[in-house]
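Read top to bottom, the protein sequences are chains A and B.
Going by the numbering used here, the first sequence opens with residue -12, and the numbers climb by one from there.
Going by the numbering used here, the second sequence opens with residue -13, and the numbers climb by one from there.
It should be emphasised that the hints constitute simulated quantities derived from the structure, not laboratory data.
Certain hints may be false.
Listed next, the stretches of chain A that the computed footprint assigns to chain B, with coverage defined by at least 3 CB atoms under 8 Å from CB atoms of chain B [stated by the list, open to error]:
1. 51 to 64
2. 80 to 94
3. 99 to 111
4. 154 to 163
Everything numeric in this text was worked out from a predicted model, so none of it was measured.
From the three backbone atoms N, C-alpha and C, an ideal C-beta is built for every residue, glycine too.
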Amino acid sequence: MSVSTAVVTLKIDGKDVGGRADETILDVCKENKIHIPTLCFLEGLSGWGACRLCLVEIKGINKLLPACVTKVTEGMEVTTNSPRLAKYRRTIVQLLFSERNHVCSVCVSNGHCELQDLAVEMEITHIDIPYRYPKLPFDSSNDLFRLDHNRCVLCTRCVRVCEEIEGAHTWDIAGRGVESRVIIDLDQPWADSQSCTGCGKCVRLCPTGALTRKGTGVAEMEKDDDFLPYLTQMRERQS
Amino acid sequence: MTVDELEQIAETEKESCRKCPNHLHVCVAAGCISSQSQQVKEALEAEIKAKGLEGQCHVKGVGCMGLCAAGPLVSLPAKNVMYQGVKPQDAADIIDGVKADKPVKRLDCPTDVPFFTRQKKIVLENCGAIDPERIEEYIAADGYAALHKALTGMTRPEVIEQVSRSGLRGRGGAGFPTGLKWSMVAKANAPTKYVICNADEGDPGAFMDRSVLESDPHRVLEGMAIAAYAIGASYGYIYVRSEYPLAVQRLKVAIRQADKIGLLGNNIFGTPFSFKIDIRLGAGAFVCGEETALIASIAGQRGQPRPRPPFPAESGLWGAPTLINNVETFANIAPILRNGGNWYAGIGTEKSKGTKTFALAGKVNNTGLIEIPMGITLREIIFDIGGGIPDGKKFKAVQTGGPSGGCIPEQFLDMPVDYDSLAKVGSIMGSGGMIIMDETSSMVDVARFFMEFCMSESCGKCVPCRAGTVQMHDLLKKIIARKATQRDVQLLEELCDMVKSTSLCGLGQTAPNPVLSTMRYFRKEYADLLQPDDSTAEPVAAGAKETVP
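Start from the sequences and build out the full structure, keeping to the hints where you can.
In structure tokens:
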């Protein structure tokens, strides 16, 4: 963090708030207890801006911008919730449900899933968009962990934590568009990975039931929330 | 390299040109090569040798002459004669014709028709006139004079001032003012800056940039060098798709030639300015035409866009301020500096200055490459220059801007072609692809085709584009299969709005445009394919009215 960072004032949902110029809209919202739904964002990892759930309206800018990567500026007027934004967010969550096979009732992460939480928060009781039911593989070659592509939302938290915090870069994305999926090394079974250190950070950060510990049954896979702020601390000590 | 040496090269080239009374130009750009123009060229050369006419007749390969539909094209500029559909076995007749000074009637391609007379060539001024693989010919055609003028006679702000004054807007499609972009990068305070030429032309049916690179590569290098001088960069990249092997090869030749005689490299024209250019090949991803994805790809990362701001002008390639312009934008720079910004601003309309190249494709007689002043109407382009619709069919729509653009119906044919008018009717200028459709085209199928393109080219980073385009494509398929109801159309419209508003980059934000524009102007075609709703929803006919703004 540079020694002198400008301090700015801005309006979020009509409320005057202050922030540092190197903070994002989401940072300032969190400080002020203003809730914005997020999925790919994770404190301590680099911004990704891909799930589009944290899009906000900014006065004078005709495009919606992601709060997780957009820096605050002086005099900015941000609206974090509007009927339009709510409608888009609902559709995005529905698209995620329709894209792969998210069947909560038989999922090990049932009750501990961020996608499920989003659906509850937005009161999504059914999906208007046709389900695609893709046939996706499953990797349980690793002794400790499982990878289930059926539950993956491609938030890339695993890719980022592995590269940025663990420094192994085991994970990456292969394919494009709807065919994209996370891969290990050069698309190998997890057990054959040369680079994976087995640290399990990716499993602890996965928002859904895509990455889980072995030996967990339905609703038994709890994610590790205490671990998250620790990441930020580790990074700051590094720099 | 000094200016005297430059003039010397030009003079020698002109002199050798004067010595030979008859020059036969054979088009060796991709379009004509694919219809065997290379063999035509060889046959002509063999024929000249056989007849012992080496001193009087010379064959040279030149770039695109424009009328690709009639290729392979051969021209005799001295006699103002052009031949179309030339085959290798026509060589004897052509050479006899040159010898007897009698054009071959059966091959004649009239050049006094609107296709040639209505165009105004700035970007394409050398296309079809010079050999793209010889720097001497480019220099003889005033090449690199603008670079010399900028480096030795103008300050950096003066160069930017001329570009701003010209009113040139980005020719990649979005139309951002070029002078403004340059001044932003020039202002950025950083030790290293980069210039990138975006030659990742990927729109279906578009081949303008390809033709420019294949026909006149030095023009792009000169434009980049001038830009580098103006913004203070000393390194440039050309990001060109590997599907254009001929363009890549000619660029390589051009860079090597310019390096060799000191028009690129260190201390150009004896000034402190140094500039090097490297080529980077794209691996066939449409999204890499998006500037942030392109930059990631050059840096060796996965070609995915990132949220902007920060814009590349602030933080681009390896975090350095980066100027990124399209091929055609750079191709306009040298003439602007040679003739002044005011000259360029005198062409075109109030808000869209200069000329624009278009690739005419689809159901039109004169398929090919054209350059027209901004502001002429679509009707002039399609019916005068393009020669109308083949087989007596009726015009239905014209698609501009590729998968990001829209379909424009007949009622707007008299609309002038400029950035704002096209945007007003729900399309965009785009990079210049123009696909003409006749009455036999199904507009729903056209929308489906472009959606399929966007779906398979989506990088998969953001949810709306990744999961939204595939749903929209499925819905369009369902409509075409006559299995959809009014409800599906409603869902399609909702998804269009959502994907447009929430996607991360231009690909997703514009992916719904072909659907939206066909729904706006050809609603009936959608309605005709629908099944009646099983619920109490209103009957199909009620939704079938055509809406015209």
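Going down the list of hints, with the structure as the test:
Counting residues of the segment 51 to 64 of chain A whose beta carbon lies closer than 8 Å to any beta carbon of chain B gives 6, which reaches the threshold of three, so the coverage claim holds. Beta-carbon proximity to chain B at under 8 Å applies to 4 residues in the segment 80 to 94 of chain A; the threshold of 3 is reached and the given coverage holds. With 0 residues having a beta carbon nearer than 8 Å to a beta carbon of chain B, the segment 99 to 111 of chain A misses the requirement of three or more and the stated coverage is violated. Judged by the Cβ-Cβ criterion of 8 Å, the segment 154 to 163 of chain A is covered by chain B as claimed, because 4 of its residues qualify and three suffice.
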